[in-house]
Amino acid sequence: MNSAVDPKMNPKYREKRAKNNEAAKKSRKARKDRESATMKENTNLKIELKEARRQAAESVDQMQKIANEFAKTTTELEYYKQEYHRLQTIIEQQPYPLRDVTNRQKYEAKEYVTF
1 MNSAVDPKMN PKYREKRAKN NEAAKKSRKA RKDRESATMK ENTNLKIELK EARRQAAESV
61 DQMQKIANEF AKTTTELEYY KQEYHRLQTI IEQQPYPLRD VTNRQKYEAK EYVTF
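Those letters in the sequence shown? Residues 1 to 115, by the working numbering.
Be aware that a few hints might be false.
Unchecked claim - Straight-line alpha carbon distances no greater than 25 angstroms define the calculated PhoX-like cross-link-like pairs of lysine-lysine that follow:
| hint | residue 1 | residue 2 |
| --- | --- | --- |
| 1 | K40 | K25 |
| 2 | K16 | K26 |
| 3 | K32 | K19 |
| 4 | K8 | K19 |
| 5 | K8 | K26 |
| 6 | K32 | K46 |
| 7 | K16 | K32 |
| 8 | K12 | K26 |
| 9 | K65 | K50 |
| 10 | K40 | K29 |
| 11 | K25 | K12 |
| 12 | K8 | K25 |
| 13 | K50 | K40 |
| 14 | K29 | K16 |
| 15 | K29 | K19 |
| 16 | K40 | K26 |
No lab work stands behind these hints: they were computed from the structure.
Source: prediction; values computed, not measured.
All chains, please: the whole structure from these sequences, using the hints.
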């Protein structure tokens, strides 16, 4: 077979096929590189997401502890307020013995002082 009869042996055809094969090879490599980069990015994003979820869970735990401590402190504060008012009431209802004794001594001292 000669090149005039067989179109696959034509130099122009062979040149086009060679260029097309090279372009296809280049395109496959570019697609493979893109897929590889996408898979690498996907893996990195999964790692970042896992870390973000861990940090979020840790933050939720910390916030829960703080909320529990706040509730406990608020309860204690309310208890101490009530205790303060209870003691204030007791103090206000009691007589003032020291003041009364001091005043009595002061007045009694005047009675016995002679000039």
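- Message: Does K26 sit within 25 angstroms of K40, going by the straight-line distance between their CA atoms?
- Response: holds, 21 angstroms
- Message: K29 and K16 were given as a pair; does the straight-line alpha-carbon distance stay at or below 25 angstroms?
- Response: Holds: K29 and K16 sit about 20 angstroms apart, inside 25 angstroms.
- Holds or violated: are the alpha carbons of K16 and K26 at most 25 angstroms from each other? holds, 15 angstroms
- Task: Take the C-alpha atoms of K8 and K26, compute the straight-line distance between them, and say whether it is at most 25 angstroms.
- Result: Status holds; Cα separation ~23 angstroms.
- Is it true that the CA of K29 sits at most 25 angstroms from the CA of K19? With a Cα-Cα distance of about 15 angstroms, the restraint between K29 and K19 holds, given a limit of 25 angstroms.
- Message: Please verify whether K40 and K29 have alpha carbons no more than 25 angstroms apart.
- Response: The hint holds at about 16 angstroms.
- Going straight from one Cα to the other, do K32 and K46 come out at no more than 25 angstroms? At roughly 21 angstroms apart (the allowed maximum being 25 angstroms), K46 and K32 satisfy the hint.
- Message: K25 and K12 were given as a pair; does the straight-line alpha-carbon distance stay at or below 25 angstroms?
- Response: holds, 20 angstroms
- Query: Given the proposed pairing of K65 with K50, does the C-alpha separation stay at or below 25 angstroms?
  - Reply: holds, 23 angstroms
- Message: So if I understand the rule, the pair passes when the alpha-carbon distance is 25 angstroms or less; does K50 with K40 pass?
- Response: holds, 15 angstroms
- Item | Holds or violated: K32 to K19, with C-alpha atoms at most 25 angstroms apart | holds, 20 angstroms
- Message: For K8 and K25, compute the direct alpha-carbon distance and say whether it is at most 25 angstroms.
- Response: Given that 25 angstroms is the threshold and the Cα spacing comes to 20 angstroms, the pair holds.
Hint compliance for this structure: no hint is broken.
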